[in-house]
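**Student:** Once you have looked at the hints, place chain S on chain Z.
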Amino acid sequence: MDADSLLLSLELASGSGQGLSPDRRASLLTSLMLVKRDYRYDRVLFWGRILGLVADYYIAQGLSEDQLAPRKTLYSLNCTEWSLLPPATEEMVAQSSVVKGRFMGDPSYEYEHTELQKVNEGEKVFEEEIVVSEEESRRRLFHKISMKSFCSGLPYIEIVTKFHLCKNGRKGAGGFWANHPFPACHLFLGLSLSEAKKLSSYFHFREPVELKNKTLLEKADLDPSLDFMDSLEHDIPKGSWSIQMERGNALVVLRSLLWPGLTFYHAPRTKHYGYIYVGTGEKNMDLPFML
Amino acid sequence: MEDSTSPKQEKENQEELGEARRSWEGKTAASPQYSEPESSEPLEAKQGPETGRQSRSSRPWSPQSRARTPLGGPAGPETSSPAPLSPREPSSTPSPPAPARQDLAAPPQSHRTTSVIPEAGTPHPDPLEQSSDKRESIPLHTSQSERNTFQQSQQSKPHLCGPRDVSYNNAKQKELRFDVFQEADSNSDCDLQLPAPGGSEGAPSMLETTIQNAKAYLLKTSSKSGFNLYDHLSNMLTKILNERPENAVDIFENISQDVKMAHFSKKFDALHNENEMLPTYEIAEKQKALFLQGHLEGVDQELEDEIAENALPNVMESAFYFEQAGVGLGTDETYRIFLALKQLTDTHPIQRCRFWGKILGLEMNYIVAEVEFREGEDEEEVEEEDVAEERDNGESEADEDEEDELPKSFYKAPQAIPKEESGTGANKYVYFVCNEPGRPWVKLPPVIPAQIVIARKIKKFFTGRLDAPIISYPPFPGNESNYLRAQIARISAGTHVSPLGFYQFGEEEGEEEEEVEGGQNSFEENPDFEGIQVIDLVESLSNWVHHVQHILSQVGALQFSIYQGRCNWFNSTQKNEEEEEEGEEEDEEKEEPDYIEQEVGPPLLTPISEDLEIQNIPPWTTRLSSNLIPQYAIAVLQSNLWPGAYAFSNGKKFENFYIGWGHKYSPDNYTPPVPPPVYQEYPSGPEITEMDDPSVEEEQAFRAAQEAVLLAAENEESEEDEDEEDDYD
Chain Z
0 MDADSLLLSL
10 ELASGSGQGL
20 SPDRRASLLT
30 SLMLVKRDYR
40 YDRVLFWGRI
50 LGLVADYYIA
60 QGLSEDQLAP
70 RKTLYSLNCT
80 EWSLLPPATE
90 EMVAQSSVVK
100 GRFMGDPSYE
110 YEHTELQKVN
120 EGEKVFEEEI
130 VVSEEESRRR
140 LFHKISMKSF
150 CSGLPYIEIV
160 TKFHLCKNGR
170 KGAGGFWANH
180 PFPACHLFLG
190 LSLSEAKKLS
200 SYFHFREPVE
210 LKNKTLLEKA
220 DLDPSLDFMD
230 SLEHDIPKGS
240 WSIQMERGNA
250 LVVLRSLLWP
260 GLTFYHAPRT
270 KHYGYIYVGT
280 GEKNMDLPFM
290 L
Chain S
0 MEDSTSPKQE
10 KENQEELGEA
20 RRSWEGKTAA
30 SPQYSEPESS
40 EPLEAKQGPE
50 TGRQSRSSRP
60 WSPQSRARTP
70 LGGPAGPETS
80 SPAPLSPREP
90 SSTPSPPAPA
100 RQDLAAPPQS
110 HRTTSVIPEA
120 GTPHPDPLEQ
130 SSDKRESIPL
140 HTSQSERNTF
150 QQSQQSKPHL
160 CGPRDVSYNN
170 AKQKELRFDV
180 FQEADSNSDC
190 DLQLPAPGGS
200 EGAPSMLETT
210 IQNAKAYLLK
220 TSSKSGFNLY
230 DHLSNMLTKI
240 LNERPENAVD
250 IFENISQDVK
260 MAHFSKKFDA
270 LHNENEMLPT
280 YEIAEKQKAL
290 FLQGHLEGVD
300 QELEDEIAEN
310 ALPNVMESAF
320 YFEQAGVGLG
330 TDETYRIFLA
340 LKQLTDTHPI
350 QRCRFWGKIL
360 GLEMNYIVAE
370 VEFREGEDEE
380 EVEEEDVAEE
390 RDNGESEADE
400 DEEDELPKSF
410 YKAPQAIPKE
420 ESGTGANKYV
430 YFVCNEPGRP
440 WVKLPPVIPA
450 QIVIARKIKK
460 FFTGRLDAPI
470 ISYPPFPGNE
480 SNYLRAQIAR
490 ISAGTHVSPL
500 GFYQFGEEEG
510 EEEEEVEGGQ
520 NSFEENPDFE
530 GIQVIDLVES
540 LSNWVHHVQH
550 ILSQVGALQF
560 SIYQGRCNWF
570 NSTQKNEEEE
580 EEGEEEDEEK
590 EEPDYIEQEV
600 GPPLLTPISE
610 DLEIQNIPPW
620 TTRLSSNLIP
630 QYAIAVLQSN
640 LWPGAYAFSN
650 GKKFENFYIG
660 WGHKYSPDNY
670 TPPVPPPVYQ
680 EYPSGPEITE
690 MDDPSVEEEQ
700 AFRAAQEAVL
710 LAAENEESEE
720 DEDEEDDYD
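As given, the protein sequences belong to chains Z and S, one line each in that order.
Position 4 of the first sequence, counting from 1, maps to 3 under numbering that gives the first Met the number 0, and the rest follow consecutively.
Position 559 of the second sequence, counting from 1, maps to 558 under numbering that gives the first Met the number 0, and the rest follow consecutively.
One chain only, chain Z, in its complex shape:
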C-alpha cells in the first residue's frame, strides 16, 4: 500500500484482522516520508509485516521511475530506523529454500543447516555444514513473495479501455509499458463491479512468466497492450486466491492462499487498491490438500 495513503489503506485492509497499532502507524507515517526523501524514491510502499518469534519485521519498498524494475527493499524492527536489504541472488535463493520455520526477529540470527554433500573422493562422504544467515533468507523470501504473488490491480486494463490508450500502447506494447511507470495511474478510475469480481481482472505485478508458455491458440485472443502480465486466474494450482466482496459490495478483497497473510483490496469504482502482507513468511505448501 502506498505510504501516502497508509491510513485509508489500512482501514480497507482491516478485514483480515492484521493491522498496525497506533504507535506503529504514526511512526511509519513519519519515517517512510524520511525514507522517501533520503533514498530519493519516487514512491514508497509499505509492503507489510513479517511476524517473527521475538519481533516483527516491517518491510517497505522504494519505487523508482520504472515500476517493473526490481525494487529496493527496506526493513525495520521499530518502524523508525530502516535498513536496506541487499538484493537476493540465485544462490541465496537456493540456500534459503532449505530453511524451514519461522523467522526469529533478530537480523543477526544465523540459521544452521547441515547438509550432506556427497563428494566422490575416494568413496568418502563428506558432511558439509552450510550456515545460512537469517538476513539472507529473509531477503530471499521476500523476493519470492513479491515476485510470485503480488497482484496489482490492473490500472492498465482500465486505462486502456477507458481512455483509449491502447492505440498508443499497441505500437510498442512491450517497450511502452515496461518503460513507463504506471502510464496513467492517475486516470485509473477503478474497476466496475462486475469486473472486480473476476479473478481475470487482476495481474501479477512482474514480468510475465506463464504468458510466454502459452500456446499460440491461447495467445490469439490476447491484446498485447492489455495482457502483458500474468493474470491471477492462471495461477497454479487453481484456486490459490480467495476473492470476496466485503461490506456489501463496496470492497473486494483477495487473499492469497499460497502465501497466507497477503491481502489485496480494491474498492470498486475508486482508485484505492493495494496489498499488505502480514504473516509468518512461509509458503503454504499444503494448499492442494486444503482446497
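Accuracy of the hints is not assured; some may be wrong.
Taking lysine-lysine and the DSBU-like style, the derived pairs with C-alpha atoms no more than 35 Å apart in a straight line are [unchecked claim]:
#1 S:K341 x Z:K196
#2 S:K407 x Z:K197
#3 Z:K282 x S:K663
#4 Z:K196 x S:K411
#5 S:K651 x Z:K197
#6 S:K259 x Z:K270
#7 Z:K237 x Z:K270
#8 Z:K270 x S:K442
#9 S:K407 x Z:K196
#10 Z:K237 x S:K442
Sample of chain S residues at the chain Z side, in silico, Cβ under 10 Å [to be verified]:
#11 G356
#12 L359
#13 E362
#14 N626
#15 F656
#16 W660
#17 P666
Hints are computed from structural coordinates only; laboratory data are not their basis.
Glycine residues also receive a C-beta, built at the ideal position from the N, C-alpha and C atoms.
**Tutor:** Frame of chain Z; chain S shown alone:
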C-alpha cells in the same frame, strides 16, 4: 434557468453572426447577391441595447477570425469564381441555407432524441455554432470535394426550401453560415443525410475517414450522463464566447463543470432498474436493522436488561486494546459486530456472550460468538442427539441381520465415544456464527469427539458455507459446520488463557477432586484478584494460565481407531463413565500404549509456560504493545501454535481473540495420515489346513479295522441286547 438563458444566448449568437456576416459582407462586397442591407438593420438595432461590456471589447477578433476562414476556405473559390453559381440561380441564393441547415441540425437532433434528452430549450444554433467552431480546427484539405457536395445538395434539394420560414433573421444567419458549415457538413454530418452523392463524387481520403471516426467518437453518448463530448465542447465554447471571461484557459475546468451542472438532466426512465449494486443495498438494509434495534425497544426494557443481565461483552473496549496490539478488525466492522452481538443477546436467553473471533473462508468469513445459555438450553440439541444415537444403533443392527450358519463379521466398529454433555468439556459453550454482521446467526451443533479426532488429521480451508461438505481422506463425520465447530473447540482449548489468579476453582469442586462423577472443572472469577503487573505478564509465561479444558488426544491406542477427543476421560473399555480431572495444553498427540490407564492431560489453570514446544519454537510470544510508553502499555500474548490467536491483558482485564484461517501451525508441511494397517489374514493353523486325501491302503486298513471293530461290536451288541432285554424285561 435554461429557459432564461437560452433565448439570450440565441440572441447573442445571432448578433455575433450578424456581425460576422456584416464583416464578411464587407469583405465580399463583390458578390452582390449576398448584400442585403435591410437585414442588418434589425440586427443592428437589437444589438444596440444588448451588446454587453464583454462582447463589445473583444468582439472584433472573433467574427473576423470566423469570417476569415470561410474566405480562405470554400468562400474563397466562390468569391473568386462566382460565375457558375450566382448567375445561374440568383433567386435560390437564400434557399441553400434551408437544406444546409436541415442537414446540419438534423443529425445532432437525432442524436439527442436517440440518446437521452430531447431538450426543448436547447438552442438550435448550437450545432451550427459548434460546427463553425470545429471547422476552424479542421484542415481544409477536402474543399474540392466539399464544393462538389455542396453543389450537389444545392441542386438536388430545391424542394426543401419550404421550411425556411422561421424568421428572416434566421434565414440570414444561415445564409451566412451556409458557407461556413458546408465544409463540416460534408465532412461528417452529411454522410448521414447525403451519403451517396458525397461519397461517390469525392473519393474519401484516409484523412476524411479518420476525421469522421474522430467525430463519431466525439458524438458518442455517455451512458452515464447522457451527454456527448461534441455537444459539451460546443456548449462550453458558446459559453466562453458569450461570457468572455478574463483567463478562459485557467478556468477551463470550472467552465466545463458549470456547463455540466447547467444541464439538468432527468434520469432516463427505463423499464428495468439497474441492479448491479443490489447486494450492496441488501446488506445495507440488513445492517440498518442493527442500528435501528435500539429504538425498537422501550426504555424500561433496556434498563431491565442492563440490570438483569450483563450478557453483552464490551467489544469496543477489547477492540481498543487489541488495536494497541495491532490486531483486530476495523473500527466500523467491530462496531457492527458489536451490534450484531447485541441482537444475538436480545433474541436468545444468553447468560454470557463473547466475541470469539473471525475465521476466514474462501467465499465468506465466519464471525464467531461464544455464548452460554441461561438455564434452558435449546431443545434442538436433544433431538439431534437422539437422531445420532438412532443412527448408530441402526448401523449395528444392520450388521446383525445375517444368516446364522455362516460366521458373522467379528469386526465391530470402534466404540463411538459419546459426546460430552452440553455445558461441559468441549461443549461448555455454544457457538453462533454469521457470515457478516447483520446476517442471521446460526448456531453450531455440539461437537462430538470423533469430529475432533478427524479434524486433527485433516487441514481444509473453510468455504464460508456451513453446509459445504468436507471431503477429506479420513472421512469427516459431518459438514463444514461440524468442522468449524471442531476447530473452534481445538483453538479455544489451546489458546484461551487468562492472567494467573483471575480465575479460581469453584469451592464445591476442588481442583483435586478427580473422582467426582460428572464434576465440572468449573472455575469462577476470583473476587480478590488484584491484578498483575503488565511487565510481569510480558516477562514470564507462567503468569498466564489456561482456563479451557485440554482436549485429550488419542488414548487406548491398543486398537487403531479408538479415540478420545474429549475433555473428560471416557473409559471405553469398562463401559462406564469415569470423569477425570483434565487440564489443557496444546493437543499434542500422545499415544499411550497402555489403554487401561487414563490419559491425563495438564489440569485446568495450568501456566502456559508448561506448554509443549513445537520443534524448538516456543509456543507463545509475549510482547509489550508499546515500547515508547511502557507505563501504559498492555501485555500482548500471541500464539505460535495457532497463528492468529491473541490475548491481551492490562493487568486487570484480559481478552482472547482469534482471527485467521483456523489452522494449526506446523513447521513441517501437512502430511496426510497413513492409510490404516491392512488387516492380517487368519494365521494358517490346524483349523485352516486340511489333511491329504486318504489313500487306498489307508482305506483298506481302515476298512479292515472297521470290520474287526464291527465284529467285536456285534458280539458286544448281542451281549448288550441280551442285557438290555434283561433290563427291560
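**Student:** Z:K237 and S:K442: Cα distance at most 35 Å?
**Tutor:** Roughly 32 Å between the alpha carbons, so the hint for Z:K237 and S:K442 holds.
**Student:** Does the alpha-carbon distance linking Z:K196 and S:K411 stay inside the 35 Å limit?
**Tutor:** violated, 51 Å
**Student:** With a cut-off of 10 Å, does the beta carbon of S:W660 approach a beta carbon of chain Z closely enough for the hint to hold?
**Tutor:** The hint holds - S:W660 has a Cβ within 10 Å of chain Z, the shortest such distance being about 6 Å.
**Student:** Sort out whether Z:K196 lies within 35 Å of S:K407, counting only the CA atoms.
**Tutor:** The hint is violated at about 57 Å.
**Student:** Against the 35 Å threshold, does the CA-CA distance of S:K651 and Z:K197 hold or violate the hint?
**Tutor:** violated, 48 Å
**Student:** Quickly compare the C-alpha distance for Z:K282 and S:K663 to 35 Å and report which way the hint goes.
**Tutor:** holds, 14 Å
**Student:** Run the distance test for Z:K237 versus Z:K270: straight-line Cα separation, threshold 35 Å.
**Tutor:** holds, 28 Å
**Student:** Does the alpha-carbon distance linking S:K259 and Z:K270 stay inside the 35 Å limit?
**Tutor:** Holds - the C-alpha atoms of Z:K270 and S:K259 are around 23 Å apart, at most 35 Å.
**Student:** Would the hint on S:G356 be counted as holding, given a Cβ-Cβ threshold of 10 Å to chain Z?
**Tutor:** OK, holds: S:G356 within 10 Å of chain Z, min 8 Å.
**Student:** With the threshold set at 35 Å, check whether the alpha-carbon distance from S:K341 to Z:K196 stays at or below it.
**Tutor:** holds, 32 Å
**Student:** Next pair to validate is Z:K270 with S:K442; report whether the Cα-Cα distance is within 35 Å.
**Tutor:** violated, 39 Å
**Student:** Holds or violated: is there a CB of chain Z closer than 10 Å to the CB of S:F656?
**Tutor:** Interface hint status for S:F656: holds (9 Å vs cutoff 10 Å).
Hints 2, 4, 5, 8, 9 from the list above are not met by this structure, while the remaining hints are.
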